[in-house]
Amino acid sequence: MATQICPKCKQDSFTWYMDDDEASGLTIWHCFNCRYVAYEDEQKIRDCLNCLKNTSSYLMDTETIFYWCNNCNEIEFLKNK
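FYI, the numbering used here numbers position 23 of the sequence shown as 82, with every residue one higher than the one before it.
Mixed in with the good hints there might be a few duds.
[Unchecked claim] Here are the simulated BS3-like cross-link-like pairs (lysine-lysine), alpha carbons at most 30 Å apart as the crow flies:
id, residue 1, residue 2
1, 67, 103
2, 138, 67
3, 69, 103
4, 103, 138
5, 112, 67
6, 69, 138
7, 112, 69
8, 112, 138
Note that these hints are calculated values from the structure, not bench results. No experiment lies behind these values; they were computed from the predicted model shown.
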């Protein structure tokens, strides 16, 4: 599986896996470098405001909710929890 640029540490070590509890519908993203973890709601994917591709994922972590584009790495913070 290919890695992406981590939105936290900016290293090419961000990857995903499906939650064992498929009822949750969440994809888990984690960074091998900084151990950052975020949860993706795939139903909320949208076009990136920067590159205009449909690659902007809705991610949530323990502190923030944001859109992260896995094409251009643009981050749009929505709110802090």
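Comparing the hints with the structure gives:
| no. | hint | verdict |
| --- | --- | --- |
| 1 | 67 to 103 | 21 Å, holds |
| 2 | 138 to 67 | 16 Å, holds |
| 3 | 69 to 103 | 23 Å, holds |
| 4 | 103 to 138 | 16 Å, holds |
| 5 | 112 to 67 | 22 Å, holds |
| 6 | 69 to 138 | 21 Å, holds |
| 7 | 112 to 69 | 21 Å, holds |
| 8 | 112 to 138 | 23 Å, holds |
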